[in-house]
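Visitor: Below are the chains, spelled out letter by letter.
4 protein chains.
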Amino acid sequence: MMTAASPRIKAGIVGGTGYTGVELLRLLSQHPNVELTAITSRKEDGMPVADMFPNLRGRVDLRFQTPDSAALDQCDVVFFATPHGVAMSQARELLGHGVRLIDLAADFRLRDTQVFEKWYKMPHSCPDILEESVYGLVEINRERIAGARVIGNPGCYPTTVILGLTPLIEGGKHLVDTTHIIADCKSGTSGAGRKAEVGTLYSEAGDNFKAYGVAGHRHHPEILEQLKHIAGEALGVTFVPHLVPMIRGMFSTIYARILPEALDTDFQALFEQRYAGEAFIDVMPAGSLPETRSVRASNHLRIAVHRPGGGDQLVVLVIQDNLVKGASGQAVQNMNLMFGLPESTGLDHVAVLP
Amino acid sequence: MMTAASPRIKAGIVGGTGYTGVELLRLLSQHPNVELTAITSRKEDGMPVADMFPNLRGRVDLRFQTPDSAALDQCDVVFFATPHGVAMSQARELLGHGVRLIDLAADFRLRDTQVFEKWYKMPHSCPDILEESVYGLVEINRERIAGARVIGNPGCYPTTVILGLTPLIEGGKHLVDTTHIIADCKSGTSGAGRKAEVGTLYSEAGDNFKAYGVAGHRHHPEILEQLKHIAGEALGVTFVPHLVPMIRGMFSTIYARILPEALDTDFQALFEQRYAGEAFIDVMPAGSLPETRSVRASNHLRIAVHRPGGGDQLVVLVIQDNLVKGASGQAVQNMNLMFGLPESTGLDHVAVLP
Amino acid sequence: MMTAASPRIKAGIVGGTGYTGVELLRLLSQHPNVELTAITSRKEDGMPVADMFPNLRGRVDLRFQTPDSAALDQCDVVFFATPHGVAMSQARELLGHGVRLIDLAADFRLRDTQVFEKWYKMPHSCPDILEESVYGLVEINRERIAGARVIGNPGCYPTTVILGLTPLIEGGKHLVDTTHIIADCKSGTSGAGRKAEVGTLYSEAGDNFKAYGVAGHRHHPEILEQLKHIAGEALGVTFVPHLVPMIRGMFSTIYARILPEALDTDFQALFEQRYAGEAFIDVMPAGSLPETRSVRASNHLRIAVHRPGGGDQLVVLVIQDNLVKGASGQAVQNMNLMFGLPESTGLDHVAVLP
Amino acid sequence: MMTAASPRIKAGIVGGTGYTGVELLRLLSQHPNVELTAITSRKEDGMPVADMFPNLRGRVDLRFQTPDSAALDQCDVVFFATPHGVAMSQARELLGHGVRLIDLAADFRLRDTQVFEKWYKMPHSCPDILEESVYGLVEINRERIAGARVIGNPGCYPTTVILGLTPLIEGGKHLVDTTHIIADCKSGTSGAGRKAEVGTLYSEAGDNFKAYGVAGHRHHPEILEQLKHIAGEALGVTFVPHLVPMIRGMFSTIYARILPEALDTDFQALFEQRYAGEAFIDVMPAGSLPETRSVRASNHLRIAVHRPGGGDQLVVLVIQDNLVKGASGQAVQNMNLMFGLPESTGLDHVAVLP
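Residue numbers (full-length UniProt numbering), protein chains in the order written: chain A, 1 to 354; chain B, 1 to 354; chain C, 1 to 354; chain D, 1 to 354.
Bound-form chain A, shown alone (with noise of 0.2 Å):
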């Protein structure tokens, strides 16, 4: 474990010009284990960083580099905030150095590279790296994360699926129908990146809803894989994404048919005793309405457990930052793990309300 004297972890960044990287930025910058060293974007090459995310001006002196110039192979961690199919470029090389891997795009998300060839159109370069990596959900994969080399940090979606759901369906559990649940699920704008589109204009996005992705989303591949491995079966899930008018925040409602034999579940206190301890997950009590902004700009996901009128339809609701515990918050809890601190360091951060 590390101490207060322990030198500071040497992390780096590659790709920091999105909000995955701007919010890397913002945690790295106020963690006391951490020296940020490096970080890179071919386009703003020489730019200081604070130019381009002025909350950063007095905190953040560096300026992004090339991947070339940027002395990525002397970090201890590198971060990947990037496009699909740029960590796994680079990983190979990385190890090389002793540097260890958090990828928060989706080379390492998903086991089976068929799968991932057909989802996002390219071949997976390093099968091998791959096999050795973990899927970054630290409340599921605690102990192998602590000794990976590479973590593929979770979608945003999944993150509130998988948690939302891993109570009811772990160790072969036979609560729910678990061949037709649903998880309809809503997401603030910034889960679209920092990219210009049209579809995520103020002009667009604002005073709408809508759903996308109906006919499929990256995201449902590895809901279902990830969902297989815990349940130790293959699940039915219909998962329907929306874009919500806000900028942070991610709530999915998840409905799944009590099985006849588990009728008499305690439901509530079956999700109180699976995430009893963690820090980052909160049961709220029964009856609970959380609220996004209940953990705006914190690494905080909140669960509430319902049974309308008592009846076989159990509703999980789910909220989290899409860009903290669904994306940066979650890659440097991992990095807690991985380099042996208290999980939650840098990380206590009281959620901005309102």
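Among the hints, a few may not be true.
Said to hold, decoys possible - Beyond 12 Å from chain D on every Cβ pair, some chain B residues (computed): (1) Arg-8; (2) Gly-85; (3) Pro-123; (4) Glu-170; (5) Gly-193; (6) Glu-204; (7) Leu-243.
Unchecked claim - Cross-link-like lysine-lysine pairs, in silico, BS3-like; alpha carbons within 25 Å at most: (8) B:Lys-228 - B:Lys-118; (9) C:Lys-121 - C:Lys-195; (10) D:Lys-173 - D:Lys-121; (11) C:Lys-228 - C:Lys-118; (12) D:Lys-121 - D:Lys-43; (13) D:Lys-43 - B:Lys-195; (14) B:Lys-43 - B:Lys-118; (15) D:Lys-10 - D:Lys-118; (16) C:Lys-195 - A:Lys-43; (17) D:Lys-195 - B:Lys-43; (18) A:Lys-195 - C:Lys-43; (19) A:Lys-173 - A:Lys-121; (20) C:Lys-10 - C:Lys-43; (21) C:Lys-228 - A:Lys-195; (22) B:Lys-195 - B:Lys-121; (23) D:Lys-173 - B:Lys-195; (24) D:Lys-118 - D:Lys-43.
Unchecked claim - Here are some, though not all, of the chain A residues that point toward chain B, as calculated from beta-carbon distances under 10 Å: (25) Ile-230; (26) Ala-231; (27) Met-246; (28) Gly-249; (29) Pro-260; (30) Glu-291; (31) His-306; (32) Asp-312.
Derived from the structure by calculation, the hints contain no laboratory data. No experiment lies behind these values; they were computed from the predicted model shown. Glycine included, C-beta positions come from ideal geometry on N, C-alpha and C.
On the provided structure of chain A, position chains B, C and D as indicated by the hints.
Guide: Same frame as chain A, but now just chains B, C and D:
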């Protein structure tokens, strides 16, 4: 049928200071066959309507009057944009003067007075008038509406859920599992009304997403009662409403499991046929992803039918402007029918986008 | 003057994929004397307009065409909702076919081609047509517009600032210090157009407020040129635009110091008299505080005149919908005049509130 | 100076159910040298604070107490996040127990009790305590604050206007025309507080922009009084506040005419020098365009100095988070000074962007 030369319909509004009231004013002040003759508000007696709602400056010269001083009994039709319980207290007297009534609150929505009393915490004061009243969902009850004296204008959520399910269930069809339908609904904040409340302040509802009424919502029994009437049998519907940080707009995502014997059904065709010829129901082409802004300030309701992965889970997406088709526009549509006007008279506004 | 029996005006739109384009489509498709005959977009050739803008489903059956294939020369009037420079490149040919032109970009706004070239970084390709063109601010140039073949439709900011200052300066009045006028202006994000840009993403412009163009903005020389023309002398105006997290709406707060000899002026009466009879200019009662939503989706512009503490500082508040009176509505108002129609034909929509 | 080993400051909050209250809770619960010991609310007596503000779940275990039952006299410092008039009613008793006071309302802002009584419609009940109290604008009154027993925490608008003008006027400088300064200010809706009011509902304040208080606003006399004190002479300031559809954030655009004899002044240098060494004042590089989101949830205030066209009109742009530097953060900054802590203790959060 009325003609351009017909005398105008004299219309009154009781309780015109809320959002359904101002929306009625917007629509009726532009309606070619209507003369607005009275609008009441106990609290704002004497105030020019356009002082409260400056969008009406130069268009509406009326002042608010007390219910007593307003000559409502001289009207041809009176709209109640009031809290629940007001319309039924004035119905008998107005009917006695030959006035027709359209209640935008719940007094004439629920057929079962015991259900009404349970959910609205007041006895129903005129069961006989309720008996003759018609549930004002034009696409379901067109003929009865044309001859009605009293209309219970549907709730906003029920309008989307009922119209989204009708093609699947009416006439004793056996297409989907009607015991476990899910309606995951999302509404803009105007649905909460123009009431001074902390929960819908900009600083509370903005940049935030939440569910509410999971344990029970007044629109749930209304949905169940109407669907039972349409299907000829009781249905099981889990209904979870959510609050979206936008002003107008409602989006309902409806999930129904297709029965094994119905897997060959062409659901797209089913919906298109059911609503063929409907002026305000737009069954969008297969694969469409409707956005609430495409109906902003218009009386249209759009439906898209999805079957993700070609499986047995049907996903029906329904959008409307909660203040128009979900309230005041539907009320005007009812009025048009009741007075023999073409159904879309005064309702042919193109939606405002962006 | 046209009558109901007159043949409809054949209208074309060049570049209909932006916000001024879709707003023209909304207004013209509801205009009783207009037949939309062509709409062009190089990029979207062949696409049904209503696929891009679903608010037009059932109302506009046109498809986008390339400029070459569209029979623009058969139109009575062509609107240019294009980037700067397009209208002037096609003007001569269309005029040759007897088509009248209304340019919503800047090609025919600035009278001085050197100023145009400085701010728009391109030479003016038809100074002779510019010479005969008219600046389409109806309340200033009504008579000349009626006889014009080419209209330069005003910029959104200039519309508010010019109309907010005209009563104070026209005809050589000496009421305020015209050397140091301040126009602190605020615009919704739709003013930035429907362009894929990072700066106007929801996640960037939402929950945020900023100034821009402080060092120089293209609407500044337009304001100065028109005010000089109206006042008969050059004015000094400091113009600072700001971006507001809303879609539609513009609010200009104009400050002018009252000259000592004019302290007894009744400024409220001055504004009321100047705009008496104007269909779209609403001088609100003394003390009024206009809100942009009171003109949402309508062609009205409202003005309130304040003199805080009765001192020598005049504060003029001006609001409009930047896409209507600030762009497409004003263009239709110009068209009405040019074709002898009552000025408010097709523009009498009540603003949408809330 | 306190050290890590010092006992913690015992802090109480009176009236903790509003936005400045919950923001104090967020900041103080993360402050390394503070122990929150009491929080009062008559109305919510007994309710766990984290039930009302779920962002505090797991961080604040206090319950609201009535003012009588809370042991406020055992505190080292008490913050008043109350309506105007409350702090002065309890000040004498608490001071008698050696408690220091920081009032976030107006009781100790205005030095002139007649001005206070005119604007706040109540007599001042303890002019002697007002006499010894200090206006808590650290960058102006640092030394006096360190020794104060009672602090009047500045209003949000005054903080931006005073800090934006101080370098121009202090010490009898003659740089700008101080008779006609203009402060065009814009605030997010949280500035209106967590009060049930129609005007700040999401459906009213959303997608809308308006001015308010043009005829008079309570922050105007506060601005004038402090500026007079700083300049040594009375100034003329026209102050127009506006409401922006965002939650947090304040943007002030200040206009001052440069005097002929001061045209050679390097205003950028003037501001940089005045605020050199200030932890929370960021004078941005020449040409900068600050955005409110760059200080969201942080105690920083950023200033940009512009001189459009190099003329004689100075434009100073000032931003802050109205709930932090404009209220609760500034209050904690005052507390730090009063208790000998480094000024930025517990206030070094990086702003949340996006």
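Visitor: Does each hint hold? Answer for all of them.
Guide: Now for the hints, and whether the structure bears them out:
Remark: the non-interface label on Arg-8 of chain B is consistent with the geometry, its nearest Cβ contact in chain D lying 31 Å away (cut-off 12 Å). The beta carbon of Gly-85 of chain B sits about 22 Å from the closest Cβ of chain D, which is more than 12 Å, so the claim that it is off the interface holds. Every C-beta of chain D lies more than 12 Å from that of Pro-123 of chain B, the closest at about 29 Å, which supports listing it as non-interface. Residue-level check passed: Glu-170 of chain B sits 35 Å from the nearest beta carbon of chain D, beyond 12 Å.
Non-interface call for Gly-193 of chain B relative to chain D: violated, since the shortest CB-CB distance, roughly 9 Å, does not exceed 12 Å. Once the 12 Å rule is applied to beta carbons, Glu-204 of chain B is inconsistent with being away from chain D; the minimum gap is 8 Å. Chain D draws Leu-243 of chain B into its interface by the beta-carbon criterion, the shortest separation being 9 Å against a cut-off of 12 Å. For the hint linking Lys-228 of chain B to Lys-118 of chain B, the alpha-carbon distance of about 19 Å falls within 25 Å, and the restraint holds.
In summary, the hint linking Lys-121 of chain C to Lys-195 of chain C is supported, as the alpha carbons are separated by about 20 Å, within the 25 Å threshold. At roughly 35 Å between alpha-carbon atoms, Lys-173 of chain D and Lys-121 of chain D are farther apart than 25 Å, so this suggested pair is violated. For the hint pairing Lys-228 of chain C with Lys-118 of chain C, the CA-to-CA distance comes to about 19 Å; that is within 25 Å, so the pair holds. The hinted pair formed by Lys-121 of chain D and Lys-43 of chain D meets the criterion: a straight-line CA distance of about 24 Å does not exceed 25 Å.
Among the hinted pairs, Lys-43 of chain D with Lys-195 of chain B is consistent with the structure: their alpha-carbon atoms are about 21 Å apart, no more than 25 Å. Among the hinted pairs, Lys-43 of chain B with Lys-118 of chain B is inconsistent with the structure: their alpha-carbon atoms are about 29 Å apart, more than 25 Å. Restraint check for Lys-10 of chain D and Lys-118 of chain D: the C-alpha separation of about 35 Å exceeds 25 Å, so the hint is violated. Distance restraint check for Lys-195 of chain C and Lys-43 of chain A: the Cα-Cα separation of roughly 21 Å lies within the 25 Å cut-off, and the hinted pair is therefore satisfied.
Simply put, Lys-195 of chain D and Lys-43 of chain B have alpha-carbon atoms about 21 Å apart, close enough for the 25 Å limit, and the pair holds. At roughly 21 Å between alpha-carbon atoms, Lys-195 of chain A and Lys-43 of chain C fall within 25 Å of each other, so this suggested pair holds. Distance hint between Lys-173 of chain A and Lys-121 of chain A is unfulfilled; the C-alpha atoms sit about 35 Å from each other, more than 25 Å. Of the pairs offered as hints, the one joining Lys-10 of chain C and Lys-43 of chain C holds, with about 23 Å between alpha carbons and a cut-off of 25 Å not exceeded.
Taking the CA atoms of Lys-228 of chain C and Lys-195 of chain A, the gap is near 42 Å; set against the 25 Å cutoff, the hint is violated. Distance hint between Lys-195 of chain B and Lys-121 of chain B is fulfilled; the C-alpha atoms sit about 20 Å from each other, no more than 25 Å. Distance check on the hinted pair: Lys-173 of chain D and Lys-195 of chain B sit about 51 Å apart at the alpha-carbon level, beyond 25 Å; violated. For the suggested pair Lys-118 of chain D and Lys-43 of chain D, the alpha carbons sit about 29 Å apart, so the restraint of at most 25 Å is broken.
The beta carbon of Ile-230 of chain A comes no nearer than 21 Å to any beta carbon in chain B, farther than 10 Å, and the hint placing it at the interface is violated. With 10 Å as the threshold, the beta carbon of Ala-231 of chain A stays out of range of chain B, its nearest partner Cβ sitting at about 19 Å, so the hint is violated. At about 5 Å, the closest approach between the beta carbon of Met-246 of chain A and any beta carbon in chain B falls short of 10 Å, and the interface hint on this residue holds. This hint holds: Gly-249 of chain A has a C-beta 6 Å from the nearest C-beta of chain B, less than the 10 Å allowed.
The restraint placing Pro-260 of chain A at the interface with chain B is violated, with a minimum CB-CB distance near 13 Å, outside the 10 Å limit. Restraint check, Glu-291 of chain A versus chain B: the minimum CB separation of about 4 Å is within 10 Å; hint holds. Interface restraint check: His-306 of chain A against chain B, minimum CB-CB distance 5 Å, threshold 10 Å, status holds. Interface restraint check: Asp-312 of chain A against chain B, minimum CB-CB distance 8 Å, threshold 10 Å, status holds.
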